[in-house]
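With the hints as extra help, turn the sequences into a complete structure.
Residue numbers (the working numbering), protein chains in the order written: chain A, 1 to 316; chain B, 1 to 316.
Errors might be hidden in some of the hints.
Same chains, same label: a pair holds when it works inside one copy or across any pair of copies.
[Said to hold, decoys possible] 25 angstroms max Cα-Cα, derived DSS-like pairs, lysine-lysine: (1) LYS89 - LYS289; (2) LYS289 - LYS190; (3) LYS26 - LYS105; (4) LYS199 - LYS226; (5) LYS226 - LYS296; (6) LYS190 - LYS32; (7) LYS26 - LYS50; (8) LYS105 - LYS301; (9) LYS60 - LYS102; (10) LYS49 - LYS301; (11) LYS190 - LYS201; (12) LYS236 - LYS207; (13) LYS190 - LYS49; (14) LYS236 - LYS226; (15) LYS89 - LYS236.
Hints in this document: simulated from the structure, not taken from any laboratory.
In this text the structure is predicted, and so the values were computed from the model without any measurement.
2 protein chains.
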Amino acid sequence: MAQQLAIGVDLGGTTVKTGLINSDGKVLALSKLPTRADENPEAVIEQIKKSISEVLMHAKGAPVAGIGIGAPGLIENPGGIVRSAPNIKNWDVVPLADIISKEFKLRVEVDNDANVAAVAEAKFGAGKEHPNFLFIIWGTGVGGGIIMDNHIYRGPSGGAGEVGHISVNYEGLMCNCGTRGCVEAYVGQKYLSKRTIEKLKTAPNSKILQFAGGDESKIEPMHLSKAAEAGDQLAKDILVEAGTLLGVMIGAVMNTLDFRVTVIGGGVSAVGDFVYDAIRQSAMRNVQKPLRDGIKILRAKLGNDAGMLGAAGMIL
Amino acid sequence: MAQQLAIGVDLGGTTVKTGLINSDGKVLALSKLPTRADENPEAVIEQIKKSISEVLMHAKGAPVAGIGIGAPGLIENPGGIVRSAPNIKNWDVVPLADIISKEFKLRVEVDNDANVAAVAEAKFGAGKEHPNFLFIIWGTGVGGGIIMDNHIYRGPSGGAGEVGHISVNYEGLMCNCGTRGCVEAYVGQKYLSKRTIEKLKTAPNSKILQFAGGDESKIEPMHLSKAAEAGDQLAKDILVEAGTLLGVMIGAVMNTLDFRVTVIGGGVSAVGDFVYDAIRQSAMRNVQKPLRDGIKILRAKLGNDAGMLGAAGMIL
Numbered sequence: 001m002a003q004q005l006a007i008g009v010d011l012g013g014t015t016v017k018t019g020l021i022n023s024d025g026k027v028l029a030l031s032k033l034p035t036r037a038d039e040n041p042e043a044v045i046e047q048i049k050k051s052i053s054e055v056l057m058h059a060k061g062a063p064v065a066g067i068g069i070g071a072p073g074l075i076e077n078p079g080g081i082v083r084s085a086p087n088i089k090n091w092d093v094v095p096l097a098d099i100i101s102k103e104f105k106l107r108v109e110v111d112n113d114a115n116v117a118a119v120a121e122a123k124f125g126a127g128k129e130h131p132n133f134l135f136i137i138w139g140t141g142v143g144g145g146i147i148m149d150n151h152i153y154r155g156p157s158g159g160a161g162e163v164g165h166i167s168v169n170y171e172g173l174m175c176n177c178g179t180r181g182c183v184e185a186y187v188g189q190k191y192l193s194k195r196t197i198e199k200l201k202t203a204p205n206s207k208i209l210q211f212a213g214g215d216e217s218k219i220e221p222m223h224l225s226k227a228a229e230a231g232d233q234l235a236k237d238i239l240v241e242a243g244t245l246l247g248v249m250i251g252a253v254m255n256t257l258d259f260r261v262t263v264i265g266g267g268v269s270a271v272g273d274f275v276y277d278a279i280r281q282s283a284m285r286n287v288q289k290p291l292r293d294g295i296k297i298l299r300a301k302l303g304n305d306a307g308m309l310g311a312a313g314m315i316l
Numbered sequence: 001m002a003q004q005l006a007i008g009v010d011l012g013g014t015t016v017k018t019g020l021i022n023s024d025g026k027v028l029a030l031s032k033l034p035t036r037a038d039e040n041p042e043a044v045i046e047q048i049k050k051s052i053s054e055v056l057m058h059a060k061g062a063p064v065a066g067i068g069i070g071a072p073g074l075i076e077n078p079g080g081i082v083r084s085a086p087n088i089k090n091w092d093v094v095p096l097a098d099i100i101s102k103e104f105k106l107r108v109e110v111d112n113d114a115n116v117a118a119v120a121e122a123k124f125g126a127g128k129e130h131p132n133f134l135f136i137i138w139g140t141g142v143g144g145g146i147i148m149d150n151h152i153y154r155g156p157s158g159g160a161g162e163v164g165h166i167s168v169n170y171e172g173l174m175c176n177c178g179t180r181g182c183v184e185a186y187v188g189q190k191y192l193s194k195r196t197i198e199k200l201k202t203a204p205n206s207k208i209l210q211f212a213g214g215d216e217s218k219i220e221p222m223h224l225s226k227a228a229e230a231g232d233q234l235a236k237d238i239l240v241e242a243g244t245l246l247g248v249m250i251g252a253v254m255n256t257l258d259f260r261v262t263v264i265g266g267g268v269s270a271v272g273d274f275v276y277d278a279i280r281q282s283a284m285r286n287v288q289k290p291l292r293d294g295i296k297i298l299r300a301k302l303g304n305d306a307g308m309l310g311a312a313g314m315i316l
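Listed below in structure tokens is the structure:
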């Protein structure tokens, strides 16, 4: 099949990163501009248009199939309307797909960060061989996207895959969202750091603090992972527990959808293999028997480019 | 549109119930035969064929679009292979769709009880107006089916919708399946009866036992519901707790799929409206905010005919 071209836009809080991408996921041209998030939506839209124009030049007249945009906040689909994007000033309800489509006379798809990253892994990354998988962004919070039959599943109003707010314990911790026991309230980065600081009070011999440069306010999951790999029991316990709880949520989704495969990306996903073992074992325990053998927990393959590649991937 | 005809077969442990059904869900002819489940699969298949032949005669030569079969056990789809059906002797792996299709030269679809009942509610019952909903069978256990965009969603291997084994508490009760905290282990009929018997020891003034004819081994959820409606606090507490936990699981599924609507059938679903209120409140608490307003918990409308109607519904 001849190579197709598409433009992928990763709209971040500080940078608009835009690429001209081909069907193999190769970046043929790249533009990085400041988002101007502290000004107003008009300024941000101006930056998006500018970055698209910049990479579009490099197509040198070859046909471009469309423009994909990964954006923060709640995205209403169909429609590609971006609602209340966090970190962008005064961004309330912006019909982004419409605005960009009118400007460039091209097909435009807009989706949230997690869905776009899921598409990236499906087309170019760890999910390439798997037509059905759950993608998880494990970072400050826990987000997700569902790849069903090789396509992103958005649900009737574009909100599917919000797996971070699945409760793993109805009597559990109170989450910011008002629900008890959301898995995000247990395994999100902030929670892990906070819990570590608490536990350190009763484990003065733990090496965790050394890995965080002696400053407990700087503790991140990667410090836990390194400490654990250096033999620190507390660090290991905290991360294995986190993996186990993530596995409970994964089990819920696998049971619902009859899926086997989960791909995990996001800042925390770089933790050591022992965490993935814990996730896998827990997910296997938490699915109906016929699914157990097939359970796979994979690391995402695409790092910082996932947003841009996945945005283009919605078109390609 | 002209009326279509299809045959629906409800294969139960004691009775094969087969109907000639039109697109409105009207039963034009009905056959009930003993399943002969204590003999062998051949005998059971003979009964299925016989019942189909009986109702087929009433089509009087009008074209029949196909045959749908609702069967117990694990169904492998695509393929319509029925594995290890409980309650049928020596039933191991039977390619039922193939066998029946060869006999009658008609399209045949086979699915499990829960999925077939979900289709019945989607086509003819409480889900008629809702293109996307979760169907729950609340009985001895907790089963489910997913209607997505007006069709049954079976998943890659036919196992989707097994929502009874979603854990609502990772530290919770041990379920028969080996998982901790499956919602089935809390709200299945057997558990509810057992829990009631335990609690009655410390609540000698409860009226529950009266409603069960004075025999605690006969206590069923409907006795709890009647006692609760007669003002019995213990009965009310047990059912409200069950509804609350069912709502936690419903929240997990709604978050995953971006659904709003749940339809509940099965033996326990006849409990009073106060239980539905508890389910609804809990489901609303357990979904992400944008979904909360739309949450609907509906009673299934089709009773004992759901299996037969839904089986035909897979064809119509």
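Tested hints:
1. LYS89 - LYS289: Between copies only: 22 angstroms across chains, 49 angstroms inside a chain, cut-off 25 angstroms.
2. LYS289 - LYS190: Between copies only: 21 angstroms across chains, 34 angstroms inside a chain, cut-off 25 angstroms.
3. LYS26 - LYS105: within (24 angstroms within a copy, 51 angstroms between copies)
4. LYS199 - LYS226: Within. Shortest intra-copy distance 17 angstroms satisfies the 25 angstroms Cα cut-off; inter-copy 49 angstroms does not.
5. LYS226 - LYS296: So LYS226 and LYS296 pass the 25 angstroms test inside one copy only (24 angstroms; across, 47 angstroms).
6. LYS190 - LYS32: Classified as neither; 29 angstroms inside a copy, 61 angstroms across copies.
7. LYS26 - LYS50: within (21 angstroms within a copy, 61 angstroms between copies)
8. LYS105 - LYS301: neither (33 angstroms within a copy, 49 angstroms between copies)
9. LYS60 - LYS102: within (21 angstroms within a copy, 59 angstroms between copies)
10. LYS49 - LYS301: Classified as neither: same-chain Cα gap 29 angstroms, cross-chain 53 angstroms, threshold 25 angstroms.
11. LYS190 - LYS201: Answer is within: at 18 angstroms inside a copy they meet the 25 angstroms cutoff, but 45 angstroms across does not.
12. LYS236 - LYS207: within (11 angstroms within a copy, 52 angstroms between copies)
13. LYS190 - LYS49: neither (35 angstroms within a copy, 62 angstroms between copies)
14. LYS236 - LYS226: within (9 angstroms within a copy, 51 angstroms between copies)
15. LYS89 - LYS236: For LYS89 and LYS236, the Cα distance exceeds 25 angstroms both inside one copy (40 angstroms) and across copies (49 angstroms).
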